[in-house]
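**Q** As you go down the protein sequences, you meet chains S and L in turn. Be aware that the first sequence starts at 800, since it is given in the numbering used here, and climbs by one per residue. Be aware that the second sequence starts at 800, since it is given in the numbering used here, and climbs by one per residue.
Just so you know, the hints here were simulated from the structure itself, not pulled from any lab data. From a predicted model like this one, the values you see are computed outputs, not experimental measurements. Please note: incorrect hints may appear among the correct ones.
Across the chosen pairs, the derived CB separations fall in these ranges [unchecked claim]:
| hint | chain 1 | residue 1 | chain 2 | residue 2 | range |
| --- | --- | --- | --- | --- | --- |
| 1 | L | Tyr919 | S | Lys948 | 39 to 45 Å |
| 2 | L | Ser832 | S | Glu917 | 47 to 53 Å |
| 3 | L | Thr882 | S | Pro918 | 50 to 56 Å |
| 4 | S | Ser809 | L | Ser975 | 40 to 46 Å |
| 5 | S | Glu991 | L | Glu940 | 15 to 21 Å |
| 6 | L | Ser921 | S | Gly945 | 46 to 52 Å |
| 7 | S | Ala949 | L | Ala875 | 29 to 35 Å |
| 8 | S | Thr871 | L | Glu813 | 44 to 50 Å |
Each residue gets a CB set at the ideal place from its N, CA and C atoms; glycine is no exception.
2 protein chains.
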Amino acid sequence: MAKIQSKKNSTKKEVIIEKASKLFREKGFGAASMRDLAEHVGVEAASLYNHIQSKSEILQAICFRVANEFMTNLEAVEASHQTTLRKMEAIIRVHIRMMLDQYEFVYIADHEWRHLPEPYLSNFLNQRRSYRKRLGDLIEEGIGKGEMKAIEPYTAVLVILSAISGIDSWQRSRKSTSAEALEANMVKFLIEGLKK
Amino acid sequence: MAKIQSKKNSTKKEVIIEKASKLFREKGFGAASMRDLAEHVGVEAASLYNHIQSKSEILQAICFRVANEFMTNLEAVEASHQTTLRKMEAIIRVHIRMMLDQYEFVYIADHEWRHLPEPYLSNFLNQRRSYRKRLGDLIEEGIGKGEMKAIEPYTAVLVILSAISGIDSWQRSRKSTSAEALEANMVKFLIEGLKK
DNA sequence: ATCTTGCGCACTAACACTCGTTAGTAGCCC
DNA sequence: GGGCTACTAACGAGTGTTAGTGCGCAAGAT
């Protein structure tokens, strides 16, 4: 009957994950049911299990994909040769853009990770902690070099990351502001808070 | 049998709401069950219904209590005679303090409101939108008076509110930073982003 | 001071679902 | 013909919530 796999270059599993990401964001992981998901995919609930192993496997796939993407980017930026301030700007821009065009995925990694089963939960939180630590170190370096004002690095990281994740409010209600303007204004605000 | 009402000056309903706020934050509204809640209260699930009408009534109580508190404060600040910049600082500080000592409640109003049933959902979102609009107007006024740099007000509101709600990461893992230092640093960062 | 009444509150049992997931089966394509 | 993959049916557990019952304490009547 109704085959899945609507687009080429995307396995059925990928289709399921993509539909799931929309659903998990709208209803939350706990409130979204497999029957719900199946309907959006165009299939019976039991058929999903030909492609995935469990509901939480979907969540794992989403969370770790996002985490890896951010981590990979961080490493690239760290290895680059720029001002510390420009490095931070680059990272901030990547976060904003990810939030703009991979919204569903990033949102879930940001808000639904708590439903990960162990040991994935601990693993994820470790990665997260390490990522933030490295961001903090970068800021500390910027302060040391006199490029940034003396702010407690941990707080700065908190403010920056949270501020960006607030784009989710913007996504919900396509307001007057355009995506480009949003990015520009946000970078301006955040970098200004750092700059000496 | 085992009576509820451990403390004076707090009805049994209040005790239930308080325990529920902890539970809803830890597990999410959808994943927290009435039997869970009952156990924390020290009572059978069915007994809860002598004091509340439904699970979602608890959510409503929490969300609107928080919303009203913020709204009341905003009106007080608006009516006061200060620099626009100082008004913003006052509002930011109230948000931070609420996040520090009414953490569970604020968190739920911030993240679990989507599980409100209609018509409460629309009502809540309207209040929220109106609140942010008025914050935006305040910033616009500040720009007009030359106290603040020219930033798109909507974006600024987004950044500020989201940044503060990120304190939840801090609450989860009592880090090196103290509450006072956190508040000071955060205000510094955010106000600096606004100031001309 | 004792008895009576009534109400507040917690109990057990149950209903009517919904949940994630598994077993077993049959059709379609290489 | 043999994998894939989608189907139906069903499982056991857990969901919010209601019905009906009885205990215990406070107020009112004698």
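**Q** Confirm or reject each hint.
**A** Here is how each hint holds up against the structure:
1. Judged by the Cβ atoms, the range 39 to 45 Å given for Tyr919 of chain L and Lys948 of chain S holds: they are separated by roughly 43 Å.
2. The beta-carbon spacing between Ser832 of chain L and Glu917 of chain S, approximately 20 Å, falls outside the hinted interval of 47 to 53 Å.
3. Our hint of 50 to 56 Å for Thr882 of chain L and Pro918 of chain S holds, since their Cβ atoms are close to 52 Å apart.
4. At roughly 45 Å, the beta-carbon separation of Ser809 of chain S and Ser975 of chain L lies within the given 40 to 46 Å, and the hint holds.
5. Taking 15 to 21 Å as the suggested C-beta distance range, the pair Glu991 of chain S and Glu940 of chain L conforms, at roughly 20 Å.
6. The hint said 46 to 52 Å for the Cβ distance between Ser921 of chain L and Gly945 of chain S, and at roughly 51 Å that hint holds.
7. Under the hint 29 to 35 Å, the C-beta atoms of Ala949 of chain S and Ala875 of chain L, about 33 Å apart, fit the expected range.
8. Range check, Thr871 of chain S to Glu813 of chain L: Cβ separation about 49 Å, and the 44 to 50 Å hint holds.
Checked against the numbered hints listed earlier, the structure breaks hint 2 alone; every other hint is satisfied.
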